[in-house]
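Student: Read off the chains here:
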Amino acid sequence: MHRLDRIFEKSSRSLAQRTSRRSFVAVLGQVLTGSLLLPLLPIDRVNRAAAASLGPDATPAPPPHQSPAGAAHKIVSDDPQSCDYWKYCAIDGFLCSCCGGSSHSCPPGTSMSAIAWIGTCHNPGDGRDYVVTYNDCCGKTSCGNCGCNRNERERPLYRLLRNNDINWCVANADSNYHCTVSVILGLAEKDQ
Amino acid sequence: MSRCRWSAPALLLISAMAAASPAQDYVMNCRGCHGEGAEGVPGKVPPLAHTLVQFMRSPAGRSYVLRVPGASNSMLSDAQLAAVLNWIAGNFGREQLPESAPPFSLPEVAATRRMPMVSVQATRREVLKELAASGSAPREGY
Amino acid sequence: MRTSQFRAALLALLVNGSAFAAPPLAAEKFTVEPLPSPGLHWVYVVDEAFYNEIDARVRLFDGDSYRHLGQIDAGFSPGVIESPDGRTTAVTTTYYARGGHGARTDVVEFTDNSTLAAAGEIVLPPKRAQIPPTLFNLGYSADARFLYVSYITPAGSFGVLDPQDKTVLDEIDTAGCVLVIPSGPNRVSSFCDSGRLLTVTLDSQGHEAARALSDVLFDPDSDPIFVQGVPTANGYAFVSFLGQVHEVDFSGAQPSIQAPWSLVSTAERGHWRPGGTQVAAIHRQLGRLYVPMHRGGEGSHKEGGSEIWVFDLKSHRRLARWPMTPSHIGPVTAVQVSQDAAPVLFAGSDDGAVGVLDALTGQLRHLDKNLGQTPWLFLTP
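Residue numbers (the working numbering), protein chains in the order written: chain A, 1 to 192; chain B, 1 to 142; chain C, 1 to 381.
In case anyone wonders, no lab produced these hints; they're calculated from the structure.
Heads up, none of these hints are tricks.
So the derived list for chain A, only partly shown, Cβ under 10 Å to chain C, looks like this:
| id | residue |
| --- | --- |
| 1 | Asp92 |
| 2 | Ile115 |
| 3 | Gly139 |
| 4 | Glu152 |
| 5 | Arg153 |
| 6 | Leu157 |
| 7 | Cys169 |
| 8 | Tyr177 |
With a cut-off of at most 27 Å between alpha-carbon atoms, the simulated DSS-like pairs for lysine-lysine come out as follows:
| id | chain 1 | residue 1 | chain 2 | residue 2 |
| --- | --- | --- | --- | --- |
| 9 | C | Lys127 | B | Lys129 |
| 10 | A | Lys190 | A | Lys87 |
| 11 | B | Lys44 | B | Lys129 |
| 12 | C | Lys166 | C | Lys127 |
| 13 | B | Lys44 | C | Lys127 |
Just so it is clear, CB atoms sit at the ideal spot from N, CA and C, and this is done for glycine as well.
Just need the whole structure built from these sequences, with the hints factored in.
Tutor: Below you can see the structure in the form of C-alpha cells.
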C-alpha cells in the first residue's frame with residue numbers, strides 16, 4: 001500500500017518507466033551519473049528504527065537526509081531496507097523487507113495482493129532496466145516500519161494503473177494493508 | 001472486417017507496427033489486474049483467458065472489448081492495443097478461436113476504441129446474451 | 001476576629017500546619033463535556049493514522065482557543081465530508097470483523113456535529129474506494145437529498161444513497177472514471193483518464209437519467225491535475241502538477257470549463273510546484289487562493305511546500321509568498337482556510353504538525369503537534 005509518510009524519504013531517482021503513448025521504452029527519467037552503489041548510511045537505520053518505535057502521539061524525528069525536493073538526489077542503495085534501493089523507484093508504503101518479508105516476498109501470515117501496478121526501474125548495478133510489480137501484502141494491520149514514498153511517473157487516481165495511493169489489497173478477501181513489495185518480473189524491453 | 005486468417009504473418013505484421021512486444025505490453029498494461037495467466041480475480045476482475053476469444057466472435061463483442069475502460073483508456077497506441085489483444089487471444093485460448101473471429105485490425109481499433117461506453121456491466125450482459133444465443137459465450141459471473 | 005473563628009483558624013492551623021488552610025475541594029460531577037456552540041475557526045482534521053491505518057480519526061479543533069474539542073472515529077482509509085448544513089459529518093470507511101482482518105463491512109457513518117455522538121449508518125456493498133481522503137471520496141447533493149460514495153473494485157462506479165432514510169438507492173457504473181464531484185442538482189461528475197469529466201444526471205429516485213462527457217479539461221499526459229479540488233463560488237478549482245489552475249463552473253446544465261491560468265511564471269514553471277494531500281484552499285468572499293509550493297521536479301507532487309503562495313482569484317496576481325521555515329513549520333502538505341471575515345489558514349505539514357496562521361498576513365499564531373499522525377485533509381464549515 002502506498003501512502004505519504006511522515007518520515008518522508010524523498011529521492012529523485014532515475015526511473016525507467018514508460019512515458020509516451022506511442023512507444024514502449026524503458027525511459028530513464030534522470031540518468032544516474034555513475035553506477036556507484038553506496039551502502040546504507042547508518043543514520044537511515046537509526047531513524048527508521050526510531051520511527052518504528054514511535055507511538056501515534058509521539059512527535060516524529062525530522063526526516064533523514066531531507067534534500068531540497070526534486071534536487072538531483074543521486075544516492076542509490078543496495079540495501080533492500082532502504083527507500084533508495086533501486087527496485088523501489090516508485091514505491092509508496094512500508095517495505096515488507098522490514099516487516100518479516102523481503103523485497104519480493106510477503107511477511108509470514110499475510111496474503112499477496114491479487115492486483116498490483118507494474119513499472120520499470122533502472123538497476124545501476126548492472127546497467128539494466130527491469131520490469132517490477134508493486135504488490136501489497138494484505139490481511140494484517142499497518143506494519144509501520146520503513147515507510148517510503150517515491151512517485152516517479154506516478155499519476156492520480158484517474159490513471160489507476162499508474163497510481164500508488166490506492167490500497168492494492170482491494171481485490172483480496174482480507175483487504176487490510178500491511179506492507180509493499182517490489183518483484184522483478186524480467187528485463188524491460190528496449191525500444192526497437 | 002478483415003477476413004484474413006489467424007496466421008503468423010498477420011500477427012507479425014501487427015506486432016511490427018507496434019513499438020514493442022505485445023507480451024511486454026500485456027505485462028505493463030493488463031497483467032496488474034488481469035493476472036499473469038489472464039485469469040482475472042473472481043468477483044473483481046474478469047478473466048481474459050479463454051474468454052476474450054469468445055467476445056471476438058461478434059461485432060458487438062469486439063466493440064465491447066475495444067471500448068472497455070482498461071483497453072480504451074490504456075496508454076497503448078491503437079496499433080499496440082490491436083497487437084496485445086491479438087496476443088492475448090492467441091496465447092490464452094487459441095484453440096477456441098473460431099474462423100469467424102479474425103484478429104483485430106488497426107482500422108477497427110481506431111474506429112471503435114474511443115466511442116464511450118455508458119455502462120460496462122450492462123453492455124457486457126447484453127453482449128453475453130447475444131453471444132449465448134448464437135453459440136458459446138463467456139459466463140456472466142466471474 | 002470572633003472567638004469561634006479564631007478557634008477554627010487555630011484548629012485549621014494545627015491540622016494543616018498552614019496559616020492559610022483552604023477549604024477542601026468540592027466533590028466533582030462526572031459528566032460528558034458538551035460541545036460549545038461552533039466557532040468561526042473550527043476545523044475537522046482528518047488523520048489517516050497511516051502507521052495504524054485501521055484507527056483513522058477526525059479531530060475537531062478550535063483555531064481560536066487551540067483546544068482539541070473532540071474526535072470522530074473513522075476506521076480504515078476513510079472519506080470524510082460535512083453535510084451542506086454543517087450539522088452532520090459523514091464518514092465512509094471499512095471495518096474488519098476482527099480489527100485487522102475478517103469479514104469486510106463498508107459503511108457510511110453519520111455523526112451529529114452538535115454532540116459528536118453517532119447518528120446512524122448505512123451499510124454499503126464492500127466496494128468503496130480505499131484511497132487517501134479527498135473532497136470527492138463521498139459527497140452530498142446540494143439539497144442533501146442524495147449522498148454519493150466513490151467505489152473502486154478496481155472497476156469504477158459510485159453508490160447513490162438516501163441519507164435521510166439511510167438506504168442505498170443504486171450503483172452507477174462510471175466506465176473507469178473515478179470519484180464523485182457533486183456538480184449540480186442531481187448531478188455527479190467523475191474524473192476520466194481522457195482528461196474529461198463524466199457527468200451523470202440522476203432522476204428523483206437516484207437512478208441514472210442521462211450522462212455526458214465534457215470537453216477536455218486537462219491533459220493527463222503533459223500536465224495532470226490533482227484530484228483535490230477546492231470549492232469556488234460557482235464550482236470547483238483544480239490545480240495541476242505544473243501549477244495551472246483549472247476552474248470549472250458547475251452552475252449551468254453542463255460543466256463550463258474556464259480558461260486555465262498559471263500560478264507560476266515561465267521561469268518558475270517546472271521548478272516551483274504545488275504538492276501534498278490538500279493542495280489548495282480558497283476564501284470565496286475575499287477571492288483568495290492559497291497553495292503550498294515546493295521546488296521540485298517530476299515525482300515531487302506529494303512533497304510539501306516550503307512556501308505558501310497567495311493569489312487573487314480575479315486578477316490571478318500573486319499577492320504573497322509566505323516562507324514556512326521561519327515559523328518552524330515543516331513542508332506543508334495540506335491547506336484550508338476559514339470563510340469568515342478574519343480568516344485563519346490551517347497548514348498541515350508532513351511531520352504531523354499543524355500551523356494556524358493569520359490568513360491575511362501569513363503570521364503564525366500557533367503550532368500544534370498533536371493533531372494526528374498524518375493530518376491529510378482539513379474541512380471547515
